[in-house]
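**Student:** Chain residues, written in single-letter form:
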Amino acid sequence: MLLLRTVLHLAALLALPPLLLGVVNRTKSIFAGRVGPPLLQPYLDLAKLLRKGAVYSRTTTWVFRAGPIVGLAAVASAGLLLSMGGAPAALSFAGDFVLFAYLLGLARFATALAALDTGSAFEGMGAAREVTFASLAEPALFLCLLVLARATGTLSLSGMLGPALPGAWGSAGPALLLAAIAVFVIALAENSRIPVDDPNTHLELTMIHEVMVLDHGGPDLAFILYGASLKLFLFGAILSRLVLGRGDGALASEALFFLGVLCFAVGVGVVESVMARLRIVRVPQLLVGASVLSVFALVLLLR
Amino acid sequence: MASFVDLVFVLVVVIDLFLLASSRLGAAIRTVAIQGALLAALPLLLVRESHNLGHAVLLAGGALAIKGFFIPWLMFRAIREASIRREMEPVIGFVPSMVLGAVGVALAFAFSSRLPLPDAGAHGFLVPTALSTVWTGLLLVVTRKKAVSQVLGFLVLENGVYVFGLLLSDVMPVMVEAGVLLDLFAAVFVMGIVMFHINREFSSLDTEKLSALKD
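Line by line, the protein sequences give chains A and B. Per this note's numbering, the first sequence starts with residue 1, numbered consecutively. Per this note's numbering, the second sequence starts with residue 1001, numbered consecutively.
Hints are supplied without guarantee of correctness; some may be wrong.
[Stated by the list, open to error] If the Cβ cut is set under 8 Å, some of the chain B residues that face chain A in the computed set are:
1) S1003
2) V1005
3) D1006
4) V1013
5) A1021
6) V1091
7) V1095
8) V1099
9) A1102
10) V1105
11) A1106
12) A1110
Note that these hints are calculated values from the structure, not bench results. Note that this is a predicted model, so its numbers are computed, not measured. Cβ atoms here follow ideal geometry from the backbone N, Cα and C, with glycine treated the same way.
Start from the sequences and build out the full structure, keeping to the hints where you can.
**Tutor:** Right, here's the structure in full:
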């Protein structure tokens, strides 16, 4: 049974992420009064990109070519560490949440290096912005994971998001609620969503993440887009288990988990539709706010 | 029920932190109103002996009317009259003041259990919430430049004092009345600002009109 669930989760990890992008886009179009692209459009886009050839500038080196591959591999391996729906993850050991956070960091590092390797000042600017905001989002993520570790008394992601979590809501409900809000803000920032970054914008002055991937094309762009959706799925998985982790039976908790991930995508779409993006100088304030919330949650648990 | 009371206290502190970060006066006023309404619910949630229920209902009703509706209404009027929308440049920036607020909250929660209290059976979050709300109010009063945000800070400070007063509301109704009096004082304070701005607006408008006439 456990093996079956693990296989199901790995299959979901590989297959579901582009669907989340489709759900986000569909939510946004419903809000805007449009019909919007089909839910499966991201899969078609990926298939189209994978069939294309790639063009590389003569000024770039192997670093540029390695960027998308390392990025996708790092995010996918982070997915192996993440427990979904309360079942233990494929890989878990004490302290694996540090590896999880730094695998996401490695993916960002590879993307930023590839952007710098193009030698374009514009891409360098995007990389600088991305890394600046990430340096504020990362401590917040760590604080949230610490809250989870403290509330459940375990040091691995499988334990933090595992069977101990529903019990922890009874004793540490307010702290976990604060942590969940902070995780949602971090998820918006890490996945370059409104109000931090607009994934649709191509206005040079305001782009953050999109700038870094302008020079990639074909399969490389497909890897980047797929990696981005995978990251969205990872955060959705954390949040879904954190908020909806109530189910007792395996089937119920699985159903709640996938429902929660879909709700997360809808929530991201709603936030993107009803909010304007923040001015870049205000973004650190939002991220520091998320850190402050998680510090407060930690204080509530530690006293 | 216990965790619901926890949640109210936590929300009050979260509102404190939000106020330290927000530059929009309208949003800040609305948030202070929500905080007032949450605080108004507290006496009802915390009442322990049934003969105090009437007292608690009075307190809650008064607090809701004044903190939740009357003062926010006055404040909205004030910013509309003065046509101010934002706090532009506080003395201490938004991010540092938020961090300072977080430090204050952490200290309040860490050390409040060491304080000697007359009522040992009080809710565990009551004193730290009161202390951090007072600290937030103090920060707002000291670091903001616009008079409206300073009054908001004063209101938050008073909310903190009110939470402290709940600790004693069973035994010492005088404290409660002092709290209500402070509320009234804040209302007068707000009115003073309204007058000040109307005065200033009218006089400046007048001089412009006069100079236009001279031309």
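**Student:** Hint by hint, say whether it matches the structure.
**Tutor:** Hint check:
no. : hint  : in the structure
1   : S1003 : holds, 5 Å
2   : V1005 : violated, 10 Å
3   : D1006 : holds, 5 Å
4   : V1013 : holds, 7 Å
5   : A1021 : holds, 5 Å
6   : V1091 : violated, 17 Å
7   : V1095 : holds, 5 Å
8   : V1099 : holds, 7 Å
9   : A1102 : holds, 4 Å
10  : V1105 : holds, 6 Å
11  : A1106 : holds, 5 Å
12  : A1110 : holds, 6 Å
When the structure is compared with the earlier hints, violations turn up for hints 2, 6 and for no others.
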